[in-house]
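Order-wise, the sequence lines are chains A and B.
Just so we're aligned: the first sequence equals residues 1 to 447 in the UniProt record's numbering.
Just so we're aligned: the second sequence equals residues 1 to 117 in the UniProt record's numbering.
In short, the hints are calculated from the structure, not lab data.
Treat the hints loosely; a few may be bogus.
[Unchecked claim] Cut-off 27 Å, straight-line C-alpha distance, at most; resulting in silico cross-link-like pairs (BS3-like, lysine-lysine):
{"#": "1", "chain 1": "B", "residue 1": "K56", "chain 2": "A", "residue 2": "K218"}
{"#": "2", "chain 1": "B", "residue 1": "K38", "chain 2": "A", "residue 2": "K345"}
{"#": "3", "chain 1": "A", "residue 1": "K445", "chain 2": "A", "residue 2": "K393"}
{"#": "4", "chain 1": "A", "residue 1": "K332", "chain 2": "B", "residue 2": "K56"}
{"#": "5", "chain 1": "B", "residue 1": "K60", "chain 2": "A", "residue 2": "K248"}
{"#": "6", "chain 1": "B", "residue 1": "K60", "chain 2": "A", "residue 2": "K332"}
{"#": "7", "chain 1": "A", "residue 1": "K120", "chain 2": "B", "residue 2": "K60"}
{"#": "8", "chain 1": "A", "residue 1": "K417", "chain 2": "B", "residue 2": "K60"}
{"#": "9", "chain 1": "A", "residue 1": "K332", "chain 2": "B", "residue 2": "K38"}
{"#": "10", "chain 1": "B", "residue 1": "K31", "chain 2": "A", "residue 2": "K248"}
These numbers were taken from a predicted model, which means no experiment stands behind them.
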Amino acid sequence: MAGVGGGNDFQWCFSQVKGAIDEDVAEADIISTVEFNYSGDLLATGDKGGRVVIFQREQESKNRPLSRGEYNVYSTFQSHEPEFDYLKSLEIEEKINKIRWLPQQNAAHFLLSTNDKTIKLWKISERDKRAEGYNLKDEDGRLRDPFRITSLRVPVLMPMDLMVEASPRRIFANAHTYHINSISINSDHETYLSADDLRINLWHLEITDRSFNIVDIKPANMEELTEVITAAECHPHQCNVFVYSSSKGTIRLCDMRAAALCDRHSKFFEEPEDPSSRSFFSEIISSISDVKFSHSGRYMMTRDYLSVKVWDLNMENRPVETYQVHEYLRSKLCSLYENDCIFDKFECCWNGSDSAIMTGSYNNFFRMFDRNTRRDITLEASRENSKPRAMLKPRKVCTGGKRKKDEISVDSLDFNKKILHTAWHPKENVIAVAATNNLYIFQDKIN
Amino acid sequence: MANEIEGNREIEEATTEELQEMEDRVVSPEKAEEAKLKARYPHLGNKPGGSDLLRKRLQKGQKYFDSGDYNMAKAKMKNKQLPTAAAEKTDITGDHIPTPQDLPQRKPSLVASKLAG
Numbered sequence: 001m002a003g004v005g006g007g008n009d010f011q012w013c014f015s016q017v018k019g020a021i022d023e024d025v026a027e028a029d030i031i032s033t034v035e036f037n038y039s040g041d042l043l044a045t046g047d048k049g050g051r052v053v054i055f056q057r058e059q060e061s062k063n064r065p066l067s068r069g070e071y072n073v074y075s076t077f078q079s080h081e082p083e084f085d086y087l088k089s090l091e092i093e094e095k096i097n098k099i100r101w102l103p104q105q106n107a108a109h110f111l112l113s114t115n116d117k118t119i120k121l122w123k124i125s126e127r128d129k130r131a132e133g134y135n136l137k138d139e140d141g142r143l144r145d146p147f148r149i150t151s152l153r154v155p156v157l158m159p160m161d162l163m164v165e166a167s168p169r170r171i172f173a174n175a176h177t178y179h180i181n182s183i184s185i186n187s188d189h190e191t192y193l194s195a196d197d198l199r200i201n202l203w204h205l206e207i208t209d210r211s212f213n214i215v216d217i218k219p220a221n222m223e224e225l226t227e228v229i230t231a232a233e234c235h236p237h238q239c240n241v242f243v244y245s246s247s248k249g250t251i252r253l254c255d256m257r258a259a260a261l262c263d264r265h266s267k268f269f270e271e272p273e274d275p276s277s278r279s280f281f282s283e284i285i286s287s288i289s290d291v292k293f294s295h296s297g298r299y300m301m302t303r304d305y306l307s308v309k310v311w312d313l314n315m316e317n318r319p320v321e322t323y324q325v326h327e328y329l330r331s332k333l334c335s336l337y338e339n340d341c342i343f344d345k346f347e348c349c350w351n352g353s354d355s356a357i358m359t360g361s362y363n364n365f366f367r368m369f370d371r372n373t374r375r376d377i378t379l380e381a382s383r384e385n386s387k388p389r390a391m392l393k394p395r396k397v398c399t400g401g402k403r404k405k406d407e408i409s410v411d412s413l414d415f416n417k418k419i420l421h422t423a424w425h426p427k428e429n430v431i432a433v434a435a436t437n438n439l440y441i442f443q444d445k446i447n
Numbered sequence: 001m002a003n004e005i006e007g008n009r010e011i012e013e014a015t016t017e018e019l020q021e022m023e024d025r026v027v028s029p030e031k032a033e034e035a036k037l038k039a040r041y042p043h044l045g046n047k048p049g050g051s052d053l054l055r056k057r058l059q060k061g062q063k064y065f066d067s068g069d070y071n072m073a074k075a076k077m078k079n080k081q082l083p084t085a086a087a088e089k090t091d092i093t094g095d096h097i098p099t100p101q102d103l104p105q106r107k108p109s110l111v112a113s114k115l116a117g
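Input sequences plus hints: build the corresponding full structure.
Here is the structure:
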């Protein structure tokens, strides 16, 4: 069966899986964010333990031109640590909520990583030479007795084993009272925004002691609180435009040229709802968990609990495309509310050409939708299907009574195996899927 | 006689409402799920997206001491002895006034990520 994603007939195949196989998953190992850099050569993951692991793609070998380069560990570091705010009696988790790469400007790589309260700019640089032949110290670093030095020499740079160092260059702290859910780097490559439940701040990458508040939806009386900010993103090309989504299923587009405080939106995107179909769950499942602009900048995609919607920025009154991710869960909302799964925040992503979109589901299933052919596919990230270059078999959830062979019934789905974070290589059909504590990498095999 | 007729009319109306509800359940699985939830939790309010839910979300991470806990703790203290400091995190709230020594110190992971293994 043909796959989805490029228009051509191709199949998704297993490439790699990273992480432990143990049944007992340590909380700290749960992956909380996945992000390719602009070239796709680097893939960063953040976890609940505050650690960042960066993988680098190996150069393609001449022997096997059809097999793409593998991703291997490039650098790993502790980005955030657990903190306790004694003043507010607040425990601050070290979990990395988001990682965003900066476009590369020199030999070093830069990324922003954030937990609930603090954003950090990390510099990842390579060192492959070291100086040898110092005058004042030995090769092992001990200081030489000055009286023993009888001649002078010029130190020489000698090659050494590659060392990748990560160092925090900026720490952007104390600007958020509530929990940060998004960071997004502006197309000007100088500023970025950070969003928490009620406010959005604009920062300059060089300045850590000051940030501008550009959106504030905190009501004067907290009893009147009806919605919170769930995600925010800068427009990919227009540095004055950004969007933010809400827990009520609406998206606001703001223009920073209009006013210093963008409380008044320039555009308001909301799909009209049939009032007769409204239920207790309506607002909860309409809450948008992720918003992403297309690479073209013409569209944006939103993910709510049951569907993914594509919006044309020129049309505010309804989305241009709606894709059902797991509609069969609509008749399970009661139990999903009781076990809190209804509050799971799924992310979504575009492929490089904006022709396909991907999002996760339960039972380690993830879904891809081809916007041109309107075909969709459900695949599974599982160790059972992890032989090198093994083709992934499409999966199907059976909703009715008669379950066909190879189908899985809704009641057998494992709701603890959720795929919340996925990423698509910016140029190629290579995807990274985070399944709890394991990272799967899949790529296409052109037929 | 008139009462009887009125009584009959009421019964008819009730039946129409019930029919509408049944229709809703058949037509909308979401409404059926809502009915299930309300049956299990009759005290559930009608405004799910309202301030209660959101405020709970905003207060995530606030596990310990606040003025409400303080007052509760003060009241309980009169009757109860202080529990040992090894009490679980969840027990600290409301039972006694926590001090920095009581709070379990959360150390960062010393183990490297298994993804890098």
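Hints, verified against the model:
1. At roughly 15 Å between alpha-carbon atoms, K56/B and K218/A fall within 27 Å of each other, so this suggested pair holds.
2. For the proposed pair K38/B and K345/A, the alpha carbon gap of about 25 Å is at most 27 Å, so the pair holds.
3. Simply put, K445/A and K393/A have alpha-carbon atoms about 13 Å apart, close enough for the 27 Å limit, and the pair holds.
4. The hinted pair formed by K332/A and K56/B meets the criterion: a straight-line CA distance of about 23 Å does not exceed 27 Å.
5. For the proposed pair K60/B and K248/A, the alpha carbon gap of about 20 Å is at most 27 Å, so the pair holds.
6. Taking the CA atoms of K60/B and K332/A, the gap is about 26 Å. The hint holds against a cut of 27 Å.
7. Simply put, K120/A and K60/B have alpha-carbon atoms about 22 Å apart, close enough for the 27 Å limit, and the pair holds.
8. Between the alpha carbons of K417/A and K60/B the distance comes to roughly 23 Å, so the proposed pair stays at or under 27 Å and holds.
9. The straight-line distance between the Cα atoms of K332/A and K38/B is roughly 14 Å, inside the 27 Å bound, and the hint therefore holds.
10. Restraint check for K31/B and K248/A: satisfied, since their Cα atoms lie roughly 19 Å apart, inside the 27 Å limit.
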